[in-house]
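Going left to right, the sequence shown walks through residues 6 to 435 as the numbering used here numbers them.
Hints listed in this document are in silico derivations from the structure and should not be mistaken for laboratory results. Any given hint could turn out to be false.
With a Cα cut of at most 20 Å, we get these calculated SDA-like pairs of lysine to any residue [as the list claims (entries may be wrong)]:
(1) LYS84 to THR100
(2) LYS84 to GLU114
(3) LYS84 to CYS122
(4) LYS248 to ARG321
(5) LYS84 to PRO72
(6) LYS84 to ALA121
(7) LYS248 to ALA197
(8) LYS84 to ARG416
(9) LYS84 to GLU423
(10) LYS248 to ASN263
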Amino acid sequence: MSLTATYTIPGMHVREHVVSVPLDWSDPGRGEIEVFFREIADPGRAREDLPCLVYLQGGPGGKGPRPLTADGWIGQALKTHRVIVMDQRGTGRSTRVDGRRMSAFATAEEGADFLACFRADAIVADHEHVRRTVYGGRRWSTIGQSYGGFLTLTYLSAAPQALGSCRVTGGLPGLDPSAAEVYRRTYPRVEAKNREFYRRYPQHVERAGRVADRLAAGDVRLPDGDALTVRRFQSLGIDFGMKPGYERMHYLLDEAFNGGELSATFLHQVLARTSYSDNPLFAALQESIYGHGRGATAWAAQAERPRHPAFAEQARPLLFTGEMIYPWMFEEIAELRPFRGAVELMAAREEWPPLYDHDRLAANEVPVAAAVYHDDMFVDAGLQLDTASRVGNTRCWITNEYEHDGIADPRVFDRLGEMVRDMGGEITGA
């Protein structure tokens, strides 16, 4: 373990660490990668023996947040805890996986075997290594946002003795994961978000259709040289699941044209929002997070789309898609092209290590407090509540006050903390 830096941001004392871990926890002989994490404490309490709270980042393929100020949930957490924020393997400063790295593999098979080492079970194993080797094996608590909730249940399945309590925001996964079922439920929710967007901004029914018509005519290039297609334009709808996603789309469309042509402002913003240059693993691993036991994920979002003709590129009003990854993305998006052969094999893979231990989860005694956003576009509320009913010592707060990113409001963190206290508080000790 290497302490690489120590510094203070106003309101936060930060210690940066790098540890080496096996690429493949089931076969350490395949080599090592580095995992980076930050330890954040209130500057006035940095020398105190505070309990640790680990942030399990959303994603998949999400790096830890880079806090600028001690506010939001981090500010609340620092009142009582030392906060651990890890860049999940393959992201940020943790031996980053990008198009250049994937281009180095001689075959698609090698690339797919490599990507299979970046799923939830490996991320949890990385955290366990850090807990045991850096923090003396003491229990710590977690807060899991979105995919961080998936990681939470994998953690509770693998090492419940490591955890003092778990908070989850918008991220209880189905315990019998099926990518096909997830997307069967997702398309109607995304269609409802589109209806709400056009209700708020009816002028954009015409504007979005006009953009799509221009793209369908062809020969529109983004600043990196990629062709901008209608379906790539539609993928901007992923932002509808966040606040203020409708407003960001409104202002993007508001400046879409300069005269009769699409504006440079519009094209630069579309590139920034759809290039995956900062998080290519999000696209590469999106459907494999539902691989569990036997059965291929088989490009589930693509397979489901024809059953929802309102999302056709020619339909009007034009509907935007959500958290859906399609095979064409690995042809049309420059940063994702080197992943194409590997993700094709990942989509066809029939056998996956199980991520959830049903019996252990049913017997769980670690307090789990979960915020379930009733109108969540990304993680179906019905599936979350079914899971909550099957995991011991779990309580839910169901609300439609927030979108998927409700964790940004410190009241969400505080409410979940109150729930943990009402359940008897964090379990302490080794």
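Hint check results:
1. LYS84 to THR100: Judged against 20 Å, a Cα distance of about 32 Å means the pair is violated.
2. LYS84 to GLU114: Status violated; Cα separation ~48 Å.
3. LYS84 to CYS122: violated (36 Å)
4. LYS248 to ARG321: violated (25 Å)
5. LYS84 to PRO72: holds (16 Å)
6. LYS84 to ALA121: violated (38 Å)
7. LYS248 to ALA197: holds (15 Å)
8. LYS84 to ARG416: holds (14 Å)
9. LYS84 to GLU423: Since the Cα atoms of LYS84 and GLU423 sit roughly 14 Å apart, the hinted pair holds (cutoff 20 Å).
10. LYS248 to ASN263: violated (27 Å)
Of the numbered hints stated above, those contradicted by the structure are hints 1, 2, 3, 4, 6 and 10, listed in ascending order.
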